[in-house]
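Just so you know, the sequences run in chain order H and F.
Numbering of the first sequence is given in my numbering, commencing with residue 7 and proceeding in unit increments.
Numbering of the second sequence is given in my numbering, commencing with residue 7 and proceeding in unit increments.
Just so you know, the hints here were simulated from the structure itself, not pulled from any lab data.
The list treats identical chains as one, so a pair stands whether inside a single copy or across any two.
Below, a list of computed lysine to any residue pairs in the SDA-like style, where the Cα atoms sit at most 25 Å apart: (1) K43 - N143; (2) K224 - Y186; (3) K176 - N255; (4) K239 - G191; (5) K176 - Q70; (6) K176 - N65.
Number of protein chains: 2
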Amino acid sequence: MNTRQEVLDFVHNGHQHYLPHLSIDCVIFGYHAHQLKILLIRHHGHEKWSLPGGYIARNETLTQSAHRILAEKTQLSNLFLQQFYVFGDSATRMNRIETHDTHNTTYAKVGVALGENHWLSERTLSIGYYALVDYLNVVVTPDLLVDAYCWQEVTDVPALDFDHNEIVQKALMTLRAQLYQQPIGYNLLAEKFTLPEIHALYEAILGRQFDRRNFRKKLLTLGLIRQLEERRKIGPHRSPYLYEFDPENYQKALEEGAVLAQ
Amino acid sequence: MNTRQEVLDFVHNGHQHYLPHLSIDCVIFGYHAHQLKILLIRHHGHEKWSLPGGYIARNETLTQSAHRILAEKTQLSNLFLQQFYVFGDSATRMNRIETHDTHNTTYAKVGVALGENHWLSERTLSIGYYALVDYLNVVVTPDLLVDAYCWQEVTDVPALDFDHNEIVQKALMTLRAQLYQQPIGYNLLAEKFTLPEIHALYEAILGRQFDRRNFRKKLLTLGLIRQLEERRKIGPHRSPYLYEFDPENYQKALEEGAVLAQ
Chain H
7 MNTRQEVLDF VHNGHQHYLP HLSIDCVIFG YHAHQLKILL IRHHGHEKWS
57 LPGGYIARNE TLTQSAHRIL AEKTQLSNLF LQQFYVFGDS ATRMNRIETH
107 DTHNTTYAKV GVALGENHWL SERTLSIGYY ALVDYLNVVV TPDLLVDAYC
157 WQEVTDVPAL DFDHNEIVQK ALMTLRAQLY QQPIGYNLLA EKFTLPEIHA
207 LYEAILGRQF DRRNFRKKLL TLGLIRQLEE RRKIGPHRSP YLYEFDPENY
257 QKALEEGAVL AQ
Chain F
7 MNTRQEVLDF VHNGHQHYLP HLSIDCVIFG YHAHQLKILL IRHHGHEKWS
57 LPGGYIARNE TLTQSAHRIL AEKTQLSNLF LQQFYVFGDS ATRMNRIETH
107 DTHNTTYAKV GVALGENHWL SERTLSIGYY ALVDYLNVVV TPDLLVDAYC
157 WQEVTDVPAL DFDHNEIVQK ALMTLRAQLY QQPIGYNLLA EKFTLPEIHA
207 LYEAILGRQF DRRNFRKKLL TLGLIRQLEE RRKIGPHRSP YLYEFDPENY
257 QKALEEGAVL AQ
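Excised from the complex, chain H in its bound form (with noise of 0.2 Å):
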C-alpha cells in the first residue's frame, strides 16, 4: 500500500473484502550459490522483523489468495507454492492484546487507532505457505508500511514478531521432509541442470554435506529426475551428464504409494 488513502480504506473497509481470523503467512526460500535464505520483511515501528503475509479475499480461493500475496511481495508468479501448516496454538497468537499493540504500531504511521474490537485485532490464525526462488530474481519494494525487507540465512534468523520462528522451523522441517516427495528445485534449477548443482541445493537444504553417488542413485530410483542423453560442456575434459525433473512420474509413483515403500 503507497497511499495513506489506501491505508485508509483496508483499515476501514478491508473485513468487507477479506475474511477476518484467517491470514497466510508466507516463508519464501532463496537460494543461490550454495546458500539458503528467507525473505523477512520490518513493518513500520517495528523492532523485529516478521514474515511477508496477507489476507484471504472473500471472492478469492485460498491458493488465488496465496499467489497473489506471494506476487505481491516478490513480483514473482507461477511459483511452485506449498501449504505446509495452520498456525493456531501459539501463547503470542492467543493474546488478543499483543496483536492489537502490534498492529497499532504500524498503522499509527498513517494516524490511525484501531478499537479493541476492529477486525485486524481480533484472534486471526494464519495458514503457512512455502515457496523456493533463486533470490537474485526477487524485486522487493518497501512501501508505506513497510520500512525494509532483508534475505536472513536460514541458519542465523533472528527473534521475529509474534510466532514466526515457529512458522520458519516448521516450514524447513516440511521442506525437508518433502525432499524427496516434490519437484523441489523446479523454480530454482535450469530446465536441464547437472548432478553437482542438485546436490549443492539439496546440501544447502538439509544443512549438511551427503555422498553424491548415493544421492543420485536415490533420484533416479525414486523416478524424480531423468538423466539425458546430453552433456554440458565445461571444460576440455569437463562434460558432465545433463538431468531434467520427471514430475508426472513422479506424482505417479506417489499416489500409488511406490516411491514410499522403495
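Dock chain F against the given chain H, drawing on the hints supplied.
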C-alpha cells in the same frame, strides 16, 4: 447436541463461542483385521454422508479444538492426530447458497431457518485432521442432528457432501506419504507387536502387498521401530520377535534430515 435448546443456543449464539469462517473436518481412519475404513456421519435430512467435524472455540487453541471434536465424535482422547491441509478452493466451498441450503436442511429438524447472513451460512474454510484408531474401540452415538454413523472401506467411499471426497483423498495421500515419517500405528498396534502385524497395517494403508523382509530392514534402518529380545509364543514352532516404536529416536533423525537422505 441432544436437546432442541442446545441446538437453538448453538444456532443463535454460536458465533460468540466459535470463530466464523473456519471449521475442522476429521478423517478418522479405522483399522482392524487388515481392513482400513473411515468414519462417516449423516446429518438429519441429508442424503449424502459427510466427515465428522466442528468449529474452533474462541478460547481454545487449534489443537485443543481438534482433540475436543474428535473426542465428541469417538469418545477417544490422547490420539495421534495430525493436521494435514486447509481446504479453501473448491467451487462447492465458495458457493454460499449451497452451504446455506445444506445447513438449512439440517436445522429444519428444530424448526429453524438460517438467514442468508447467518454465521453458519458464511464462506467457511476447513482444516483437515486425520487420526488412526482401532475401530472396535470407537463408540458413536447419533444425536438430534445426526441420523447415523458408518465405517466405510477407504476403497469404496460414496459421493460425500461438499468437497469431503477431496478431503478423504488428500488425507489418504498424506498418510501414505508420512508412513515412514510419523509413528503411524502408534494408536493401533499394541505397545509390543510382531513384524506381520505392522506389515499388515502398512499393506492396508498402501492398498497393496509388498515384500516383508525389505520392509523390516527399512523400518529398522530408519530407526522407526526397534527389535526387542522378547518373543511372543503363538504356537509350538512359532514365536516371532516383538518390536516397539522408537518415536524419540525417530524424531531426532527427522529433524536432522538423516531419515531422508538414507
